[in-house]
Structure formats: structure tokens, C-alpha cells
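Trainee: Sequence:
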Amino acid sequence: VFSWGLSFAVILSQHYLQDDFELWHSFAYYHIIAMLDGFCSLWYINCNAFGTASRGLAMNLHKALEAEHPALKLAQYRHLWVDLSHMMQQLGRAYSNMYGIYCMVIFFTTTISLYGALSEILDSGLSYKEMGLFVIVGYCMTLLYIICNEAYHATRKVGFEFQVRLLNVNLTTIDRSTQREVQMFLVAIAKNPPIMNLDGFTNINRELFAANISFMSTYLIVLMQFKLTLLRQSARKAVKTIVRAVVNATNDAPDDDVDDDDDE
Numbered sequence: 047v048f049s050w051g052l053s054f055a056v057i058l059s060q061h062y063l064q065d066d067f068e069l070w071h072s073f074a075y076y077h078i079i080a081m082l083d084g085f086c087s088l089w090y091i092n093c094n095a096f097g098t099a100s101r102g103l104a105m106n107l108h109k110a111l112e113a114e115h116p117a118l119k120l121a122q123y124r125h126l127w128v129d130l131s132h133m134m135q136q137l138g139r140a141y142s143n144m145y146g147i148y149c150m151v152i153f154f155t156t157t158i159s160l161y162g163a164l165s166e167i168l169d170s171g172l173s174y175k176e177m178g179l180f181v182i183v184g185y186c187m188t189l190l191y192i193i194c195n196e197a198y199h200a201t202r203k204v205g206f207e208f209q210v211r212l213l214n215v216n217l218t219t220i221d222r223s224t225q226r227e228v229q230m231f232l233v234a235i236a237k238n239p240p241i242m243n244l245d246g247f248t249n250i251n252r253e254l255f256a257a258n259i260s261f262m263s264t265y266l267i268v269l270m271q272f273k274l275t276l277l278r279q280s281a282r283k284a285v286k287t288i289v290r291a292v293v294n295a296t297n298d299a300p301d302d303d304v305d306d307d308d309d310e
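Residues in the sequence shown are numbered consecutively from 47, following the numbering used here.
To be clear, the hints were calculated from the coordinates, so they are not data collected in a lab. No residue lacks a Cβ here, since even glycine has one placed at the ideal position from N, Cα and C. Treat the hints with care, since some could be wrong.
What the hints assert, rightly or not - 30 Å max Cα-Cα, derived DSBU-like pairs, lysine-lysine: (1) 119 - 203; (2) 237 - 203; (3) 175 - 109.
Stated by the list, open to error - Label pairs and their computed distance ranges (CB to CB): (4) 173 - 54: 45 to 53 Å; (5) 88 - 210: 27 to 35 Å; (6) 58 - 279: 35 to 43 Å; (7) 257 - 218: 38 to 46 Å; (8) 150 - 87: 15 to 23 Å; (9) 222 - 153: 51 to 59 Å.
Throw the hints in and build the complete structure from the sequences for me.
Mentor: Shown next as C-alpha cells:
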């Protein structure tokens with residue numbers, strides 16, 4: 047319901063902000079925006095599920111250290127944590143094609159919308175049409191931020207925060223076998239980092255969001271250079287046209303005077 051509601055809000059804003067965007071055009075976009083919202087919601091739910099599972103596992107870990115036979119319990123939790131880490135890694139691989147295309151769509155849509163808005167501002171100044179394009183940019187960047195930020199928090203909760211909990215265990219209060227299990231647990235975390243990636247192409251975290259902004263800026267600079275070059279060429283042609291008109295008018299003036307003298 048939320049996905050469809052957001053879809054209607056985004057598309058109808060384009061209808062009211064852009065004069066050439068007719069209402070009947072909007073029916074071709076509602077399901078696309080709702081689908082993008084649904085994919086983002088699915089990613090959000092999965093990442094929060096991993097964080098919740100890690101939090102519950104960490105809470106039970108401290109209870110296990112205070113129970114009888116803590117070494118055995120710790121070994122069982124270590125196997126559970128490794129399974130959780132593998133699930134996070136497999137999630138990125140399973141959805142690699144879908145979310146890879148998803149991120150590419152967001153990247154190109156944002157870049158083209160920004161270029162269109164800046165070009166319109168240079169050509170005709172700021173208007174409601176540019177505001178509509180900025181709405182699209184804000185919407186796409188919000189989706190990308192949610193995906194990158196939630197993956198970052200899931201990785202941090204399952205990996206770093208869990209590791210910190212183990213490092214805070216007072217080894218002097220537990221027996222030698224439990225100490226060995228704690229060390230093995232830390233080694234397992236180091237060797238199986240819970241990193242979500244798109245089948246090895248790129249890791250999904252806040253660095254991906256920053257990298258996208260960097261690439262967008264680079265492409266926009268190049269595109270705006272082309273735009274400014276075209277504007278300079280148009281300005282030169284206009285100046286040349288004006289100069290020619292002035293020169294022609296100046297040359298025609300003496301000829302008219304000569305014709306007047308001949309008539310006299």
C-alpha cells in the first residue's frame with residue numbers, strides 16, 4: 047500500500063510540475079515506481095531481519111556464558127553465526143542481477159534528470175519543470191541511500207558489533223575451553239565477514255552510495271561541458287549574425303546617399 051501511495055505521489059507531482067506531462071501519460075509509470083518501492087522494501091526487510099537475528103543471538107550468547115557447559119553452547123552459537131553470515135552473503139548473490147540492474151537504473155535516471163534540470167536552467171531559467179526533475183532525483187537518491195545504508199547497518203550489527211561483544215568477554219572468569227571457543231569465534235568472524243555484495247562485483251554499503259555520487263558528478267561535469275560548448279557556439283553564431291547585419295546596414299547607407307545625389 048505504501049509503495050503504491052508513494053508511486054501516485056511521485057508521478058502526480060510530475061503531472062502538476064511539468065506542463066508537457068499529461069495525466070494519461072502517468073498510467074504507464076505507476077506500476078514501475080511501485081515496483082522500485084517494492085524492491086527497496088524487500089531489501090529493507092531482509093537487512094532488518096539479519097540485524098534482529100544478530101541481536102537475539104548476541105543476547106543469548108551472554109546467557110550461554112553464564113550457563114553450564116558454556117564451551118558447548120558457544121560452539122553451537124558459532125555455527126549459527128557462520129550460517130547467518132553465509133545467508134547474508136548468499137542474499138547478495140541471489141539478488142545480484144535484480145539489484146545490479148536496479149542500481150544502474152537509479153544511477154542513469156538520476157544523472158539524466160540532473161542534466162536535464164541543469165540544462166533547462168541554463169536555457170530558460172528555473173521553473174516548475176526543473177522542480178519536477180529534482181523530485182525524481184531526490185526520490186532515486188533516497189532509494190539508493192536506503193539500500194546502501196541498510197546493508198551497512200546489517201553488516202555492522204552481524205559483524206563488528208558482534209565481534210565487540212566477544213572482545214568484551216572477561217576471559218579471566220571463564221575456563222580454558224571456553225576461552226578457546228571465544229578465540230575460535232573471533233577467527234570465524236574474521237574469516238567469514240558478513241558482507242553483502244552483488245555476486246562479487248561490488249559491496250553494498252555506504253561506500254557504494256558515495257561512489258555513485260562521485261561517478262554522477264564526473265558524468266555531469268562532462269555533459270555540462272558539452273552543453274556549455276554548444277551554448278558558446280550558439281552565442282558566437284548570434285554575434286556573427288549581428289555583426290554581419292550591422293556591416294551590411296553600414297554598407298547600404300552610403301549607396302543610398304549616392305543614389306540620392308544622382309537623382310538630384
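Trainee: It remains to establish, for every hint, whether it holds in the given structure.
Mentor: Hint check:
This hinted pair checks out: residue 119 and residue 203 have alpha carbons roughly 21 Å apart, not beyond 30 Å. Restraint check for residue 237 and residue 203: satisfied, since their Cα atoms lie roughly 16 Å apart, inside the 30 Å limit. Distance check on the hinted pair: residue 175 and residue 109 sit about 59 Å apart at the alpha-carbon level, beyond 30 Å; violated. Take residue 173 and residue 54: their Cβ atoms lie about 23 Å apart, and the range 45 to 53 Å is violated.
Taking 27 to 35 Å as the suggested C-beta distance range, the pair residue 88 and residue 210 conforms, at roughly 29 Å. With their beta carbons about 39 Å apart, residue 58 and residue 279 fall inside the hinted range of 35 to 43 Å. Checking the proposed 38 to 46 Å range against residue 257 and residue 218 shows it holds: the Cβ atoms sit about 44 Å from each other. A hinted range of 15 to 23 Å holds for the C-beta pair residue 150 and residue 87, which are about 20 Å apart.
For residue 222 and residue 153, the hinted distance range of 51 to 59 Å is satisfied, since their beta carbons lie about 53 Å from each other.
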